[in-house]
Amino acid sequence: MRKRSKYLLLEIASPFLAIFFAVLVGALVILAIKKNPVEVYRTMFLFSFRRLDSLAIILFGATPLIFSGLAVAVGFKAGLFNIGIEGQYLIGTFLAALVGFAVKGLPAFIHLPLVILMAMVGGAVWAWLPIYLKVRRGVHEVISTIMLNYISYSLIHFFIAEVFMDKQQGLAPGVGNPLIRLPKIASTALMPKMHGFLSLFGIDLPDHVYLNWFFPLALLLAVGYYFLVWRTPFGYELRAVGQNPAGAEAAGIKPGAVFFKAFLLSGAIAGLTGLSDLLSYFGYMDLDFPRGYGFNGIAVALMGKNGPLGIVLAALLFGFLNRGAEGVQAFVGVPMDTIVILQGVMILSIVVFSEVMGRFIRQQEKKEGLQGSVVL
Amino acid sequence: MFLSELLASAIRMSIPILLAALGAVYSERGGVVNIGLEGMMITGSFWGAVGSYYYGPFGGMILAIVAACLMALIHAIVAVTFRVDQIVSGVALNILAYGAARFASIALFQKATMSPHVDGFTPWNIPLLDQITFLKPLVTNLSPIIILAFLLVPLTHWVIQRTVFGLRLRSVGENPLAADTLGIKVYPLRYSGVLISGVLAGLAGAYLAVEHTGMYVEGMTQGKGYIALAAMIFGNWSPVGAMGAALLFGFAESLSFRVVEGGAIPYQFIKMIPYVLTLVVLAGVLRRTTPPAADGIPYERGGE
Amino acid sequence: MDNPKMEVSIVQLRGITKRFPGLVANDSINLEVTRGEIHAIVGENGAGKSTLMKILTGLYQPDGGEIYLNGTRVEISGPRQAIGLGIGMVHQHFMLIPRFTVLENIILGSEPARRGVLKDKEARGLVEELCRRYDFKLESQVRVWDLSVGQQQRVEILKVLYRGAEILILDEPTAVLAPQEVRELFVNLRNLKGQGKTIIFISHKLDEVLEIADRISVLRRGRMVGTVMAKETDKRQLSEMMVGRPVFLKTEKSQPRVGEERLKVKDLTVLGNLGRPAVRQVNLTILAGEIYGIAGIEGNGQSELIEALMGLRKILSGQVLIKGQLTSDKSVQEIRALGVGYVPEDRHRRGLILPMMVWENAVLGLHRLRDFSRPTGLNFKNIFAHTNRLVREFDIRLGSVDLPVRNLSGGNQQKVILAREMSRDPGLIIASQPTRGLDIGATEFVHQQLIKAREQGRAVLVVSADLEEVLSLSDRVGVIYNGEIVAEFRPEEVTPEEIGHYMLGTKSLLREGVGA
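Which chain is which? The protein sequence lines are A, Z and E, in order.
Under the numbering used here, the first residue of the first sequence is numbered 1, with each subsequent residue one higher.
Under the numbering used here, the first residue of the second sequence is numbered 1001, with each subsequent residue one higher.
Under the numbering used here, the first residue of the third sequence is numbered 2001, with each subsequent residue one higher.
These are computed hints drawn from the structure, not numbers from a lab.
Be aware that a few hints might be false.
[Unchecked claim] Ranges of calculated distance between the beta carbons of each label pair, as one might list FRET restraints:
(1) 2276/E with 230/A: 41 to 49 Å
(2) 1276/Z with 216/A: 38 to 46 Å
(3) 257/A with 2269/E: 23 to 31 Å
(4) 2065/E with 1301/Z: 45 to 53 Å
[Said to hold, decoys possible] Partial list, derived from the structure: chain Z residues whose beta carbon lies under 10 Å from chain E:
(5) 1119
(6) 1141
(7) 1143
(8) 1155
(9) 1162
(10) 1171
(11) 1181
(12) 1182
(13) 1257
(14) 1292
Glycine included, each C-beta is placed from N, C-alpha and C at the ideal position.
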């Protein structure tokens, strides 16, 4: 048993090696534009960790990534690569916004859960077609979900610009053009910030921080994910199908059915990704609603090795990178996009490191597993 | 006239897809799935514009090819040498390419999303044929890259089917272990398949920026790398089939521009056409295609 | 050949040692092979035969020892160099590319070409000349996926001849062949020997080795036990050398006490992967308390038949009744719930989830039973108790049940499957290639378990490519050829030769009324 923990340590080490490697590559990139990497990284840390508002902003920034990371991870566990989180959360966010502004007069304790539910339904609906095409027609989910991402961009654009655009934006006459956006969401559907709760503990956050209750909700979901995947018969089937569908099938588990459930679940979780921004930050959905959480979710799931704790930590890391990059852009003049490179390198190096490490561990285990039996 | 102009525009639209799909043929016949085509195209489109801006269109092509090849090299190292899941590697590459292009664009042009205008090659006319009125839109004002792309189709077919390299490349895509026991070096062949796909995807991106648009715009590839992959699958992993599929996608795209002019359908729906078509095509044909037997499976000597 | 010791050894191995994590596969092995002889190397699975041959063909590098060819010391760094030295390997699992033609398969890696462009005509001429010289009947333009197993083997042999091999290594070449095909192979091999080629013949089938070989070397647990002249030895001596103790060559079992029908298959037709019927109009009945064996060359519909019985493949027409119940509209899970234990032919693909833990595999397919699942989740206490019971009862050797099942040896993996499938008290056991790749100890254990199941009144269906195994285990044997059961026997009524005719389709006559 002590040996297991040794392997665990090795397995945990690989993300850190990957981060270290990415930091080195990042340093080279920064050097290439003639800036001082040490100063950049120092600024990043100081800006992120020396200020209370920065810490809260990191948590706020991590919130959507925990959702999208969990969504990707559910897929991975079943052996599916849901690269369509992007489209799924846009559709989910749109449906949520729709119910948020169109339905009026509901008390908050009904309206808010209803909006959240709609987001999940939207995500699941958008996940349905690719998994149907995979199970019934053999279309690889990666290509179909990417196509659906593009389709969702256009669809959302159409609905926001042509159908539901808010024509009565209270602009003072002569002050700019009206935004291409949906009407504002009713206050009963908005998610409150955590400021009041935190002030009970003497933590007073400034107003420009939008840390809200979706953050604890995301943590709760991570816990739920753990129980589902590792403690329930469904999770067992999910993992069995993910690692060997043919073997699972021979044991009486229906891979197609598991694929369906897993992918719809993944889509439903994906649907939650945009809510923290929608219901707490913007209060409406416009054409420039943040994109890219889906792709970052892939990075988060890979970094976190599809484990709940790992995903939360990876999401926090990305929240930190984002916040830090803001500081770096403002104070050192290095473009924020450096961190996109950093993320790309991190994904590549994390998969390489964990592959190498995994192979090493398998070898070691094999050595121990073969006590007394001759095998070739 | 309408028809021939439509066809001419279809051909122009199909070129980036065709080039990248031909690249995918090399990569996948050698057994490496290349989702990273999109990223290589992004890279190609950006560096193509940069090269063309500083050194003219020829320099643009060269720079695009070199840059996309570097991306392909990363894919090969990660997916072939380290045997990481090829799809994960490709997706990561796409994210990296997107970030790198943005970053470099800021560094070089002080703008993340576009480059200044760049010059393309002097267009060619095909003599004699350009005298025929009906053919005129098809054979005049052609980018040399268009002609090159179509020449590459029979060339690729010949390379894959009739040369030692092609035979060996196919063998490592079908059964790398068997090839290995015959003394064929699996990794170098898989590397070369991926690198050739980098060359062609880079060229595809450069065509898009330098020849088709006259500048680099962020996100200008619009998923064409993925569509190219679908075209290659639709074409059953063969260069001629890929050409047919690329023309089909090109036709759909050019048709959509015509429809926009009509204004009957909201343009957001028109924009969806290539993506919907890709889904329909894949859903319709996939069962009848046969990928190389070892496509997507990392090879390890004496493996588990 | 008359006095091999007089001649120079063409191959000489001195002190070859190869270690893998956790075991020594070859322990200072010495071996001499004389030019122009057929030299057999025998040993159990896991004795180190394959490792030794992989060293000889450069796939593995030895950790110690020396290799001499014609008296000169050589280092063999890879297959290409091995073939350059005249050593060619004919693999047990064919190294062919099904989509390629015979010609492409043969020339691959040593193509006649000018400036990188294939010279088709020349290649075809070379290959056809080879076929003529060694009397191999093959069409060079046919795709390999259209060839029979015996023909594929000939392509493999041609591959190494094409490369100018003087020494041919054949790894278990008869494992997949019917007796008549073995005969044909032996004619080919004697032919090659007549033309001066040296042949190293790896096998664990002693009868065949005694027939074809001039000399026989025996490996046991990675060590060379000795080399004997084929003429001067016999089966008993060889098997003692192989196992290190006297071996009972016959499986002992009592007269069957049969009961009611457990499995009835009526006019069953099933499609294969290519959309053509792989199982045609199959009829068979298996009773409680008997073992029914299906013999046949691989790829004649066995896999598809089993998959159809288990609900893993759609039935095109006909019926399957298990314990009197029609299974056509039942899922795999429902079929298993009727009391069917299933030991799949490919345990890595179908029988286990390799990366999952031993305890997880011990309840695979049982995980939804009330014992193991509660509304709140999996019942880990019961699952571990169950696993530990299986480990005890089936003597599964492992470090911990909380390690991936991947780490277990093949025999112990098979025990996990058997133990799991038996734990449900099945009325019918379907075992496909149950001892493939196992060493003698594990094979014996599996055989005992199947016979024990029969004695407990279970019905057992065994499919095996190993004719000897089918004949020794079964109470009745059906021969499958091209998707049809072409004959049914009691094993004591037939010779292997006769069964071979049916396996090859040269004879087809279904005798009636052999059943209970």
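(message) Can you verify the interface hint for residue 1155/Z: is its Cβ closer than 10 Å to any Cβ in chain E?
(response) violated, 13 Å
(request) So, residue 1181/Z near chain E? Judge it on the closest CB pair being under 10 Å. (result) With Cβ-Cβ at 5 Å, under 10 Å, it holds.
(message) Quick check on the hint: residue 1162/Z CB to chain E CB, less than 10 Å?
(response) Check passed: Cβ of residue 1162/Z comes within 6 Å of chain E, closer than 10 Å.
(request) Hold the hint about residue 1171/Z up to the distance rule: shortest CB distance to chain E must be less than 10 Å. (result) Hint on residue 1171/Z: holds, closest Cβ of chain E at ~5 Å, below 10 Å.
(request) Go through the hint on residue 1119/Z and say holds or violated, using the shortest Cβ distance to chain E against 10 Å. (result) violated, 37 Å
(request) For residue 2065/E and residue 1301/Z, compare the CB-CB distance with the range 45 to 53 Å and indicate the outcome. (result) violated, 21 Å
(request) Verify the interface restraint on residue 1143/Z: the C-beta must sit less than 10 Å from at least one C-beta of chain E. (result) violated, 30 Å
(message) Checking hints one by one. Is residue 1292/Z an interface residue toward chain E, by the C-beta closer than 10 Å rule?
(response) Given a least distance of 8 Å, the restraint on residue 1292/Z holds.
(request) Confirm or reject the claim that residue 1276/Z and residue 216/A have a C-beta distance inside 38 to 46 Å. (result) Since the Cβ atoms of residue 1276/Z and residue 216/A sit about 40 Å apart, the hinted range of 38 to 46 Å holds.
(message) Please check whether residue 1141/Z passes as an interface residue: C-beta within 10 Å of a C-beta belonging to chain E.
(response) Violated - the Cβ of residue 1141/Z stays beyond 10 Å from chain E, reaching only about 36 Å at its closest.
(request) Confirm or reject the claim that residue 257/A and residue 2269/E have a C-beta distance inside 23 to 31 Å. (result) holds, 27 Å
(request) For residue 2276/E and residue 230/A, compare the CB-CB distance with the range 41 to 49 Å and indicate the outcome. (result) Once the Cβ atoms are compared, 44 Å apart, the range 41 to 49 Å for residue 230/A and residue 2276/E holds.
Violation of the numbered hints given earlier is confined to hints 4, 5, 6, 7, 8, 13; the remaining hints are satisfied by the structure.
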